[in-house]
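Trainee: Read off the chains here:
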Amino acid sequence: MSIPPKQMPRVAILREESVPLDERALIARILDGDRVAGRQLYEAHAARVHRLVYRLCGDAELAQDFTQDTFVRAFDQLRRFRGEAAFGTWIHRIAVTVTLNGMRKVKRIRERETPLDDGPGFGAVSQRADPDLRSRIAAAIDALPEGSRMTLIMHDIEGYTHAEIAESLGIAEGTSKSRLFEARGRLRQALAAFVRE
Amino acid sequence: MTEEELDERTREALRGYRVPPAPPLDAMWQQIEDRHFGGPVVSLADRARSRPARRWTFGSPSWSVLTAGIAAALMLGVAIGRTSRGIVPVIADNGREGHYDYWTANAEPYRQATTEYLGQTVALLTALPAAARDGQPDARFVTQASDLLTTTRLLLDSPAAESDPRLKSLLEDLELVLAQLSRLPSEHGGPELNLITQALEQRDVVPRVRAAAASISSDD
Chain A
0 MSIPPKQMPR VAILREESVP LDERALIARI LDGDRVAGRQ LYEAHAARVH RLVYRLCGDA
60 ELAQDFTQDT FVRAFDQLRR FRGEAAFGTW IHRIAVTVTL NGMRKVKRIR ERETPLDDGP
120 GFGAVSQRAD PDLRSRIAAA IDALPEGSRM TLIMHDIEGY THAEIAESLG IAEGTSKSRL
180 FEARGRLRQA LAAFVRE
Chain B
0 MTEEELDERT REALRGYRVP PAPPLDAMWQ QIEDRHFGGP VVSLADRARS RPARRWTFGS
60 PSWSVLTAGI AAALMLGVAI GRTSRGIVPV IADNGREGHY DYWTANAEPY RQATTEYLGQ
120 TVALLTALPA AARDGQPDAR FVTQASDLLT TTRLLLDSPA AESDPRLKSL LEDLELVLAQ
180 LSRLPSEHGG PELNLITQAL EQRDVVPRVR AAAASISSDD
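Just so you know, the sequences run in chain order A and B.
Numbering of the first sequence is given in numbering that gives the first Met the number 0, commencing with residue 0 and proceeding in unit increments.
Numbering of the second sequence is given in numbering that gives the first Met the number 0, commencing with residue 0 and proceeding in unit increments.
No lab work stands behind these hints, which were simulated from the structure alone.
Beta carbons are placed, not taken as given, at the ideal position from N, Cα and C, and that holds for glycine.
Possibly wrong hints are sitting among the right ones.
[As the list claims (entries may be wrong)] Partial list, derived from the structure: chain B residues whose beta carbon lies under 10 Å from chain A:
hint: 1; residue: R8
hint: 2; residue: E11
hint: 3; residue: L13
hint: 4; residue: R14
hint: 5; residue: V18
hint: 6; residue: P23
hint: 7; residue: W28
hint: 8; residue: R34
hint: 9; residue: F36
hint: 10; residue: E191
Let the sequences and hints guide you as you build the complete structure.
Mentor: Here it is as structure tokens:
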């Protein structure tokens, strides 16, 4: 089988960055201890950060913890934010770091993962997919090398661009593309049996 | 299964990979706010009735407040402690709506302290709408609120509050309001001040404080 790049799913997501928001002013206020400004900045980015973190860790409680840790760390380190990149990119980079470090500490995560058939949030669309296929795909994604798995999730599931992935993961865009190519190749191998059936 | 069918089902399956639940935004923010900003600004409406009963125990928040309080608050605490042993709170229905009738003859230290405290609190709270209109709280508000918060907690821990649900309820409301005021940021506190003012109006806090002060001071 083949999964052409343009046909790979790009889940539509709301770009919080598109919301008019004077983030520089908010950041200045947060640095002065203004919690209302902190809440505003949090509201602008929390949903997307949480979504990505959950996709990466697959555990609701961990996703909540990692999202909280992400924002606490971001606020604590806000003086280091120079504005060279968008705040959204910066905090996603923190989110990825926090999540990876957290998952390494919590090694039991993969054993604790809820079976996909019983997983939260499965809607009518996903239910149409063959359960065996979904399980096979989930297992194939979980078995990917860390970098490739993150790139696949961010690009093909969450809809990040290679530029955004490169910024968030601290890699070159070319590396992001090659990791995605590798991830898709492994998925094709894992699903080859379905074509033959 | 053809490759086209497999592609379509693969896309559906990928969309269903670890579908995130709705993010618990408020719960997460409470933790973030507590860890970074040093404790949430409590919501008067949400927490007004959730305060657990207090006890005089070492290590409890009330004891910490007492030991760290200002000298005046310490004096009040000592006065309360010295007189509390002989007080037997009396809760009697004398037919007067809203009358704070537990003030027995031997509770004079409570009466004086509470009357003075309620008067100061009314003065502070009635000045809030003007401060909110100005868009920035006066630094004196924060200091006064902090001082009054200490006194509120002392009174909440006293037998007088334990013996009368209405006074306790009022003090709990005031504690929440004063806690919010004492945590107002030095700048850009206008929006929070507006919220506090709205909460005060919704719960009729100022009229209740005035009624309590009038009832207590007239019960000689």
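Trainee: A separate judgement is required for each hint: does it hold in the structure or not?
Mentor: Verification of the supplied hints:
{"no.": "1", "hint": "R8", "in the structure": "holds (5 Å)"}
{"no.": "2", "hint": "E11", "in the structure": "holds (4 Å)"}
{"no.": "3", "hint": "L13", "in the structure": "holds (5 Å)"}
{"no.": "4", "hint": "R14", "in the structure": "holds (5 Å)"}
{"no.": "5", "hint": "V18", "in the structure": "holds (4 Å)"}
{"no.": "6", "hint": "P23", "in the structure": "holds (6 Å)"}
{"no.": "7", "hint": "W28", "in the structure": "holds (6 Å)"}
{"no.": "8", "hint": "R34", "in the structure": "holds (5 Å)"}
{"no.": "9", "hint": "F36", "in the structure": "holds (4 Å)"}
{"no.": "10", "hint": "E191", "in the structure": "holds (6 Å)"}
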